[in-house]
Amino acid sequence: MVYYLEQLSNGLAIGSIYALIALGYSLVYSILNLINFAHGYVIMVGAFVALQLLALGVHPALAVLLACCSGALIAMLVERIAYRPVRHANRVIPMISALGAGLVLSAAAQLIWGPEVRSFPQLIPRFPVEIGGINLSSQSLVILAISVVLVVASSWFLHRTRFGLAAQCVRQDMVAAQLMGIPVNTVIVAIYALGGFLGVAGSILFAMYFNAVFIQMGLLATTKAWAAAMLGGIGSFQGAFWGGILLGLAETLAVITVGSAYRDGVSMAIIVGVLLLRPAGLFGTTIKERS
Amino acid sequence: MTRFGRRTLLKSGAAAALLAALPARVLAQDGDIHIAIAGPMTGDSASMGLNAQRGAAAAMELINAAGGVNGRKIVVEFFDDMGQPREAASVARRIVDAGIYAAVIGHVNSSCTLAAMPIYAETGLPVLCGSSSNSQVTESGWTNIIRCTIRDDYGAQQYSAYAVNNLGKKKLGILFANDDFGRGLRDKMMTAADALGAEVVADAGFTPNVDKDFSAIVTDFVAKGVEVFMLNCNYTEGGLFLGQAQSLGVSGIPTVGPDSLLYNEFIELAQGAAEGANVLAAYDPYSANEKTVAFMTKFAADYDALPSQVAVFTCDLLMLVQTLMAGGTEAPDLIAAAKAATFEGVGGTYNWNEKGDVESRTFAVVTVKDGAFASTGITVDETGLEVLR
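Chains as they are written, first to last, in my numbering: chain C, 1 to 291; chain S, 292 to 680.
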């Protein structure tokens, strides 16, 4: 029994990290209906920036803040260079150009920081915490809490603020929103920036939890978080959260039952199964488009 | 006004291409010795390629200081196989077709060496391989290859023997990379454990360069009563595994692993949990050998890093080429000459047998002490392995 409880806590820990990164995808998708494949790479660069600043002796809180801002800045650049020029093209094209931007970021990061895996300073102390007989890592509890707060904050931001309402108008009809006086370009840039900012916050926690920063982090974040976002219902913040948690649990379940070698296979099969039954994901709503 | 026809353009283009190609040939005839170094310069195993470059740089410094090969310069060029067999084959084709290379040093990943060898074998180009440990590399009948590292089938027995005989543990838990190489190694370790009267009670595969979460595996290993962690992986996975085990409250289980753990990052990533780990290295980086000490000191000063096996073997192989050619060996005879020679390098003494494998080399046991690697001087107790030979 203790064994299963411990595995459950392992699943929750990894799941909350997936959730945090999936949030960034959902943010952009909820407004633009665009899968921002550059997101994983943007946040990887952000994590390296944080590491660099810390190595230069910048105060940890300031370093994290600046790294998040750098994430926002890079995301804005990606929007300007790889997304805006093709915004009105076929939907596949911005997806490809975003992926291209991601590869450029990944190559640039390797040139600057090299291909090695770097260790990341433990800004949040890490020790085993015993709750009801099972061991949890102090960090995973903090990460879980931060994920919940960010999910709630993002939902509030998008549904309760003037900016959020403007963003929703942009989603419903870009041209009409523009005609109504909503600064569409500003809204889109801001959404990207916010996605980058939160994403880097997530990637720093990710780096701290695994004690590793590495170039392939971009691809890892892309595949896992994207799968989590799909599972939960892409575009829904609640969905991103639960999708992440469920993916983490599914992976742990796979390790327990058929062995770690089949972890990704089993967890992806679960996602395919869910999507067959609920194509919009667990929390997704299908929005009917005007013909 | 004269108009250039398409034909004229083509002709002048062809002439220009010929001219551009000429200097390389002329230079080669001039007496420079061109060596191709092939390995993963980019991609998931790019850090190994980086080590190959650093090892080569160290060797080149020594070679240049010695005036090259009897006044002839050695020129190295790097080829990127990205760690992918497909790329390795195309790199091999480019190297062979160029026709100017005296020898190839590489590749690094066994899968790449295996993919490239048939192409090098066509012309018998000497291949000096450092770190490809797959037994097939020297068991496929190629006569134009030698390698420095210890074969994986022999290595797997040593890992198990160390855990069972030296550490006295009977329940092994194996972490392995879920690819041909990792699974093959696990199977060989299991066979060896059986022969030694021990048991592999748990094994877990991971996807190299993708999986970073080992907490579920740690919990599983502990639940199954594993007494020793056999970490068949790179320093990243090894360090993460131990770090995560520690934060789950697991302690007191010894670790045995290969020299792919021999990076400072392993100790950093493990956050203190690497203390006392047993690393079985194909060369002893802390031996008192004069060459080794000089190399290690210089490498640490230049790059603030430990040289990996790839760096050491790349350096040694370049030095081997210089030594043999300075002694009058012609490029095509390099492999035969190497097999007949005894070579003292940074990585110790090398003797190659007819197949191209190193003979009478054993693992050096390196441990982590007070947050740094240290030589133990222990040798692996091979009692009970005779039945497998």
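Errors might be hidden in some of the hints.
[To be verified] Computed footprint of chain S on chain C; a stretch qualifies when at least three of its residues, placed anywhere within it, have a C-beta under 8 Å from a C-beta of chain S:
no., segment
1, 72–82
2, 86–99
3, 249–255
4, 259–265
[As the list claims (entries may be wrong)] Restricting the straight-line Cα-Cα distance to at most 25 Å, the calculated cross-link-like pairs of lysine to any residue (SDA-like) are:
no., chain 1, residue 1, chain 2, residue 2
5, S, K462, C, Y3
6, S, K479, S, K660
7, S, K660, C, T257
8, S, K462, C, T257
9, S, K582, S, K515
10, S, K589, S, K660
11, S, K515, C, E116
12, S, K462, C, E116
13, S, K589, C, R118
Source of the hints: derived by calculation from the structure; they are not laboratory data.
We put the CB at the ideal spot given by N, CA and C, even for glycine.
Okay, the hints, checked on the actual structure:
no. : hint            : in the structure
1   : 72–82           : violated (count 0)
2   : 86–99           : violated (count 0)
3   : 249–255         : holds (count 3)
4   : 259–265         : holds (count 5)
5   : S:K462 - C:Y3   : holds (19 Å)
6   : S:K479 - S:K660 : violated (30 Å)
7   : S:K660 - C:T257 : violated (37 Å)
8   : S:K462 - C:T257 : holds (21 Å)
9   : S:K582 - S:K515 : violated (45 Å)
10  : S:K589 - S:K660 : holds (22 Å)
11  : S:K515 - C:E116 : violated (33 Å)
12  : S:K462 - C:E116 : violated (33 Å)
13  : S:K589 - C:R118 : holds (22 Å)
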